[in-house]
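Going line by line, the protein sequences match chains A and B. So the number in this note's numbering is just where the residue sits in the first sequence, counting from 1, plus 23. So the number in this note's numbering is just where the residue sits in the second sequence, counting from 1, plus 428.
These are calculated hints, taken from the structure and not from any lab test. Model, not experiment: these values are computed from the prediction. Heads up, a few of these hints could be off.
Claimed, not checked - Taking lysine-lysine and the DSBU-like style, the derived pairs with C-alpha atoms no more than 30 angstroms apart in a straight line are:
id : chain 1 : residue 1 : chain 2 : residue 2
1  : A       : LYS250    : B       : LYS627
2  : B       : LYS649    : B       : LYS721
3  : A       : LYS250    : B       : LYS623
4  : A       : LYS291    : B       : LYS431
5  : B       : LYS650    : B       : LYS627
6  : B       : LYS431    : B       : LYS524
7  : B       : LYS432    : A       : LYS210
8  : B       : LYS639    : A       : LYS210
9  : A       : LYS291    : B       : LYS432
10 : B       : LYS623    : B       : LYS649
11 : B       : LYS627    : B       : LYS524
12 : B       : LYS523    : A       : LYS421
Each chain, written out:
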Amino acid sequence: MLFTDLIFLCLLSVTFLFYYIPFFPRFQTLILIISSLIFYAYNQPILVLLLLFSVSINIVSSYFIVYGKIEYRKLFAVLGVALNLSILVFFKYSPLLSRTFLNPSSSVGQFLVNMPLPIGISFFTFQGISLVVDVFREKHFKNIDIIPVSFVKHAERIMFFKGFFPQLISGPIVKAHDFLPQIGPKKFGEIQWDAVCKKLILGYFFKMVVADNLGTFTFYMFYPYFKGAASINMLFWLIGYSCQIFADFAGYSSIAIGLAKLFGYNFKENFNFPYVSTSFKEFWKRWHISLSSFLMEYLYIPLGGNKKGKIRTYLNLMLVMLLGGLWHGAAWSYALWGIIHGLALSIERALSFIKLKETRLVLAIKGMIVFFTVTLCWLFFKLTNFSQAMEFLGQFVKNISHSPNTDSIVYILIYASPIFIYHLFYIGGEKFHSIARRFGYFFYGLMLFLIVFNSGFPGSFIYFQF
Amino acid sequence: MVKKIVVVFLIFSIIYTLLILIVNPAKWSYIQDLGQDNTLKAQNFLFSSKDDYNKIIVGSSLAERILTDSLRQTVNLAFGGESIYDGIAIVKAKKKYPRFLLIETNMVMRPENSNFTSQFSNPVLLFLKKYVVSFREDKKPVVALAEGTKGLVHQAVLLKQKLHSTGTNRSVVASVNDKVVYGGATKWAVELNRKDFSKLPSTEAIDNKFKELQQDVDFFKKKGCEIIFFEMPINNTLVATPLPVEIRKDFLKYFPENEYKYIKVPENMRVETTDGIHLNYQDATVYTNFLGKSIDSITSENR
Numbered sequence: 024m025l026f027t028d029l030i031f032l033c034l035l036s037v038t039f040l041f042y043y044i045p046f047f048p049r050f051q052t053l054i055l056i057i058s059s060l061i062f063y064a065y066n067q068p069i070l071v072l073l074l075l076f077s078v079s080i081n082i083v084s085s086y087f088i089v090y091g092k093i094e095y096r097k098l099f100a101v102l103g104v105a106l107n108l109s110i111l112v113f114f115k116y117s118p119l120l121s122r123t124f125l126n127p128s129s130s131v132g133q134f135l136v137n138m139p140l141p142i143g144i145s146f147f148t149f150q151g152i153s154l155v156v157d158v159f160r161e162k163h164f165k166n167i168d169i170i171p172v173s174f175v176k177h178a179e180r181i182m183f184f185k186g187f188f189p190q191l192i193s194g195p196i197v198k199a200h201d202f203l204p205q206i207g208p209k210k211f212g213e214i215q216w217d218a219v220c221k222k223l224i225l226g227y228f229f230k231m232v233v234a235d236n237l238g239t240f241t242f243y244m245f246y247p248y249f250k251g252a253a254s255i256n257m258l259f260w261l262i263g264y265s266c267q268i269f270a271d272f273a274g275y276s277s278i279a280i281g282l283a284k285l286f287g288y289n290f291k292e293n294f295n296f297p298y299v300s301t302s303f304k305e306f307w308k309r310w311h312i313s314l315s316s317f318l319m320e321y322l323y324i325p326l327g328g329n330k331k332g333k334i335r336t337y338l339n340l341m342l343v344m345l346l347g348g349l350w351h352g353a354a355w356s357y358a359l360w361g362i363i364h365g366l367a368l369s370i371e372r373a374l375s376f377i378k379l380k381e382t383r384l385v386l387a388i389k390g391m392i393v394f395f396t397v398t399l400c401w402l403f404f405k406l407t408n409f410s411q412a413m414e415f416l417g418q419f420v421k422n423i424s425h426s427p428n429t430d431s432i433v434y435i436l437i438y439a440s441p442i443f444i445y446h447l448f449y450i451g452g453e454k455f456h457s458i459a460r461r462f463g464y465f466f467y468g469l470m471l472f473l474i475v476f477n478s479g480f481p482g483s484f485i486y487f488q489f
Numbered sequence: 429m430v431k432k433i434v435v436v437f438l439i440f441s442i443i444y445t446l447l448i449l450i451v452n453p454a455k456w457s458y459i460q461d462l463g464q465d466n467t468l469k470a471q472n473f474l475f476s477s478k479d480d481y482n483k484i485i486v487g488s489s490l491a492e493r494i495l496t497d498s499l500r501q502t503v504n505l506a507f508g509g510e511s512i513y514d515g516i517a518i519v520k521a522k523k524k525y526p527r528f529l530l531i532e533t534n535m536v537m538r539p540e541n542s543n544f545t546s547q548f549s550n551p552v553l554l555f556l557k558k559y560v561v562s563f564r565e566d567k568k569p570v571v572a573l574a575e576g577t578k579g580l581v582h583q584a585v586l587l588k589q590k591l592h593s594t595g596t597n598r599s600v601v602a603s604v605n606d607k608v609v610y611g612g613a614t615k616w617a618v619e620l621n622r623k624d625f626s627k628l629p630s631t632e633a634i635d636n637k638f639k640e641l642q643q644d645v646d647f648f649k650k651k652g653c654e655i656i657f658f659e660m661p662i663n664n665t666l667v668a669t670p671l672p673v674e675i676r677k678d679f680l681k682y683f684p685e686n687e688y689k690y691i692k693v694p695e696n697m698r699v700e701t702t703d704g705i706h707l708n709y710q711d712a713t714v715y716t717n718f719l720g721k722s723i724d725s726i727t728s729e730n731r
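Next up, chain A with everything else stripped away, as it sits in the complex (with noise of 0.2 angstroms):
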């Protein structure tokens, strides 16, 4: 089910509804958890029995961690995390390793190579990974205040964070610590309308208007329909995928965000202007915020961060931006995209002494050569298949000559300047934000306007597929 479905706006209603109901404060949670279920199970109804084992791992080890016998804490959280790590490497790894290590024509290799990939396993995974190891470590949080005595008032608020459908398929990944302590009764007069409103204004707007219009033009990137294009379209296409890709993700993290805060619930922001960025350390503290915090809180600072030494410091980088490519998806071309981030974090790391005198200038040109290096590795997400994406690389150095298709690139421009418009608000300061408080409505206004009248051809979020 999509946000943008019909069915979904159904549901969506039926579950505010009940939810906000006088007469049923006790069973909100109760509403949340079968309305996410079904929202989970409307494409695949089987893969909630996965969901289900996956949140009852989580349960159950994080119970025990907290009230079992005090020798096995260690026990049941390391056999948690791997338990949780099991699921996703056996779901979503399992074809490509079939496809790198075995005979995909043997009955195994078959098997394995048609493993269905579960919507959302790597987010929920991840969010499980977060309670036990928060559980665990009880640094957030006393572990008596946040997991209830009552197995089964457990079990419900568990099954509530890992499934609570604003989040569950696609994220932003929502930490233990963050969330568990918001679970509670939920009154209709809190409501912040205006800022529901704006969230779900704009996800859609980014979603309906600028990603899926997008995606009809960057859909020629794909192979073999580059081919013989000229480098100047194959230019914008990456431009446009870019612009694509945020606002498909960022519009989806917005009506997530848009979607809790009307049952009472605040996720963190995960986009924060991304490409404004001058430097790749701050745009993955831009980027899809609640992944690289989780890496960093769960991963890098774990594996030593940066207080072992130099060397130490860039192979935690590099293993780390490793681990994050493959986490989006089970192509090696995912896994050269982290290389290339973690090179990058790591090159720009050890250029730190270089200090350039920050000047409207520099900082311009460091923005564009971060825009363009993430925007060029966009490319293997777009091409999962690395010859594939090699091939549009030498068809873009080759094409120079080649007349450009303008028809394409007009539209490229105008379906992409609302990411510009959004980012130039960020980085003109007052004057800009003053107008952003004056006539925001205005803007909303439109927007809303666009959405009704100038949707593009729906298409699914880009990060299901993760």
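On the provided structure of chain A, position chain B as indicated by the hints.
For chain B alone, coordinates are given in the frame of chain A:
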């Protein structure tokens, strides 16, 4: 804030709808891409009050090349990038069935695109698009704006090329961009199609697909439609590749010639294609004439 947003939205919506009505809805028609073109084609069919057709063609981009101007009382519901099942779903949505349903055989294995057809099963959207003209596919405001901008860009390109002209007439570049950009593509595209046609789907997949088609055919037969299968001509070096051969064989197995009408490509027909499977304009005209005559001869038999 929420109230203000709604007011702005309503003002924009009303002004835009009035603008279209004042300018003339028929003239205010802009398309940006293939998907939109397909949707518009389906909408025009579904919302048209002229139901004087008695033949409907369903197919992929191969049959989309058929020029229905010269075929009497015929609607072409073949869509670029889509399949026969999409056309069939749209005919079912209209619930007015033709006397003859012409089904392209070439791309029978391509599945229905539910993203595309679900647009026509949503009663709320269908109602809005039918009765509020500004909701139609070809009335998108940004596309209208883009068409205007494109005009300016094209003019600028033409002007620049005129200024830098070295005697060679390059001023037609903007209007024939696609040909220039993709001009050398034919050979690799033919080879790519040859590669695709050399792979056979599993027997189970083929059986399932033909059973699905069998159900659709039975449905239309119950509604009084006569089914005519036709094959679109392709590059002669691809005709005998494994997939087309298998598909021809399976059609005859599931839909025997003594029960169903077929329009086969004459053995001596040689066609020019852009990529091995899509006819160029000239040969699309030639094939349309052939198809028209074949249909006439079948339909006259059934009178």
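These are the hints, each one checked on the structure:
For the proposed pair LYS250/A and LYS627/B, the alpha carbon gap of about 22 angstroms is at most 30 angstroms, so the pair holds. For the suggested pair LYS649/B and LYS721/B, the alpha carbons sit about 23 angstroms apart, so the restraint of at most 30 angstroms is met. Distance check on the hinted pair: LYS250/A and LYS623/B sit about 16 angstroms apart at the alpha-carbon level, within 30 angstroms; holds. Between LYS291/A and LYS431/B, the direct Cα distance comes to roughly 26 angstroms. Compliance with the 30 angstroms bound is thereby established for this hinted pair.
Distance restraint check for LYS650/B and LYS627/B: the Cα-Cα separation of roughly 35 angstroms exceeds the 30 angstroms cut-off, and the hinted pair is therefore not satisfied. At roughly 43 angstroms between alpha-carbon atoms, LYS431/B and LYS524/B are farther apart than 30 angstroms, so this suggested pair is violated. Distance restraint check for LYS432/B and LYS210/A: the Cα-Cα separation of roughly 25 angstroms lies within the 30 angstroms cut-off, and the hinted pair is therefore satisfied. A C-alpha spacing of about 53 angstroms is found between LYS639/B and LYS210/A, which places the hinted pair above 30 angstroms, so the restraint is violated.
Under the criterion of a C-alpha separation no larger than 30 angstroms, the hint pairing LYS291/A with LYS432/B is consistent with the structure, at around 27 angstroms. Among the hinted pairs, LYS623/B with LYS649/B is inconsistent with the structure: their alpha-carbon atoms are about 36 angstroms apart, more than 30 angstroms. Taking the CA atoms of LYS627/B and LYS524/B, the gap is about 38 angstroms. The hint is violated against a cut of 30 angstroms. With a CA separation close to 52 angstroms, the supplied pair LYS523/B and LYS421/A exceeds the 30 angstroms bound.
Against the hints set out earlier in the document, violations occur for numbers 5, 6, 8, 10, 11, 12.
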